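Generate coordinates for the entire structure from the input sequences, incorporating the hints supplied.
Protein chains: 2
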Amino acid sequence: MQQIHRHSRMLRVTRGALLLLVIASTVSPALVQAEEWLTSWNDGASRERIVNFVQSVTDPTSRSYVPPAERIAVFDNDGTLWTEQPMYFQLAFILDRVKALAPQHPEWQTQEPFRSVLAGDMAGVAAAGEHGLLELMAATHAGTTSEEFAGIVSDWLASARHPRFQRPYTELTYAPMKELLAYLRANGFKTFIVSGGGIEFMRVFGERVYGIPPEQMVGSSIRTRYELRDGKPVIARLPEIDFIDDQAGKPVGIHKYIGRRPILAFGNSDGDFQMLEYTTSGTGPRLGLILHHDDAEREYAYDRKSSVGRLERGLDEAAQRGWVVVSMKSDWRTVY
Amino acid sequence: MQQIHRHSRMLRVTRGALLLLVIASTVSPALVQAEEWLTSWNDGASRERIVNFVQSVTDPTSRSYVPPAERIAVFDNDGTLWTEQPMYFQLAFILDRVKALAPQHPEWQTQEPFRSVLAGDMAGVAAAGEHGLLELMAATHAGTTSEEFAGIVSDWLASARHPRFQRPYTELTYAPMKELLAYLRANGFKTFIVSGGGIEFMRVFGERVYGIPPEQMVGSSIRTRYELRDGKPVIARLPEIDFIDDQAGKPVGIHKYIGRRPILAFGNSDGDFQMLEYTTSGTGPRLGLILHHDDAEREYAYDRKSSVGRLERGLDEAAQRGWVVVSMKSDWRTVY
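Protein chains in written order, with our numbering: chain A, 1116 to 1451; chain B, 1116 to 1451.
There could be a bad hint or two in this list.
Identical copies go unnamed one by one, so any copy, or any two together, can satisfy a pair.
[Claimed, not checked] Straight line, CA to CA, 27 Å or less: simulated DSS-like cross-link-like pairs of lysine-lysine: (1) Lys-1347 <-> Lys-1305; (2) Lys-1444 <-> Lys-1420; (3) Lys-1305 <-> Lys-1293; (4) Lys-1293 <-> Lys-1444.
Note that these hints are calculated values from the structure, not bench results. Please read these numbers as outputs of a predicted model, since none were measured by experiment.
What follows is the structure, given as structure tokens:
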């Protein structure tokens, strides 16, 4: 009886609370004022474009209003949410993994591209080309179960350090971008990662670091197979590429995993060009953003001539396409 | 100034409401009493198993408590969320689509499997085997953009009628299952469809009918390509299978799209066996459910010998695996 009383009292309280919440969120977007959320952004044109966009799509009286279910925002990862220099962090993982596995593979001492990796000869690794990279992928990303692989990545993230900043890679995620993700979510957006990086690599840290759950990640993948091992179901990772989520693959990945066109896309390299093109060519309000790495002091400065995260077409066409070029140097108060 | 006052007042109201909500949801699970949600279920052992499971994983004081982020529930579609007799509804779509396209394809009058489809000769269609089915898929599911395809499916759903019930197919979705989906979501679960059916077919109606958004659907797919047509980005549908989400493909699809193991899985045929096996063999609390079609009067009765939705191994092993076999006849007060 006491139980029932407590329940009915709680129900009344809860319904009142819900009602207040509904009223509050309908009447006023004040709940998620940008000033409280985007504190690592300088007060400039880039931040203003973002805030104006978010306010217009969330204002029920605006002609640009977008229902919450359609507020899909997609973010590249490497160079957009975390640093990608001097090499993609996943490549650093691959190189470290080859070294860790080398004792079990004496043949690697003479066999390329492993020999070059073990000798620290990056030119030799590059010379092995795409075929070499696929061999490295197979040796370091396949042959385990998915659970085992997640454990290996997790252990690596806990111990590896960035060569310049001497910090864990997961600490080299950008504070302004994490604020933006949270600000968008507080405004009813669903945030996704759409990255050329490996989906099972990113899933290990994406929820903890960005608040983006595994089911909201799109990335490159290898094929897997369902197997029983000692009667226990596992997902076995196979040495075959399943999907490359880069360039024209990004809209395909968005369509495959998300199934509707985003209204906001944020990238930093020409690998993101088609994702921005696809996003911003839909009807209704759309926002495309490119992070420009122009801050050698606090991070790195690179664009047209970089082998990692090359940005050329995006810079050339941003103005005519109405995309916002965010300057790390002038738009960000803090980087990490 | 008035603006500021209104904002700060709303903020206070909102914070109060949020606080009440947090208190209420922490103290009491009364918000989502099963009695209010599962009204189309008879008060029997099946419903009790479901309710007990949900209460134990949502009770913060329970040893079985599962954080909301991990409350992933997966549902088969054909025969689990909607009827699948006398043939998969997507097959009815294919047959209707062949008839609609026939005037543009005079060669189909003599060319199998199209000739059999146009003659209403289902034995002839079946005789064309897997190769014939792939030809039908290519002719009816590819060659358009994704947006065009969604429009075609939408138009078909609006006009097609089920041969026995003479109702739109989307009205042949099960009321008890839609209640269960809503009940789970109200308890912090994220609900997904994991179906052998085509993902782009299901995405057309899943949100409206089940409340499941496109990004929470896993299904079979054909390959797509990003293209510019008259300068406009489109997703072109290609006549090649990309992924078959059935049997051992279901855990692979779950891993690929969702990235973590569900804690609840609901199916109805042996095509769902591995999905239930994968789900219920994880550590911690798990629930596997099988819908048994034993109600010829209100729907259909079939299991071991059916060519559609065959259920044999699931029935044989449900008891030993602790899976709940839900009887449509005795557990459901209403079907549609």
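**Report entry** Hint check against the structure, violated hint numbers in rising order
**Finding:** Violated: none.
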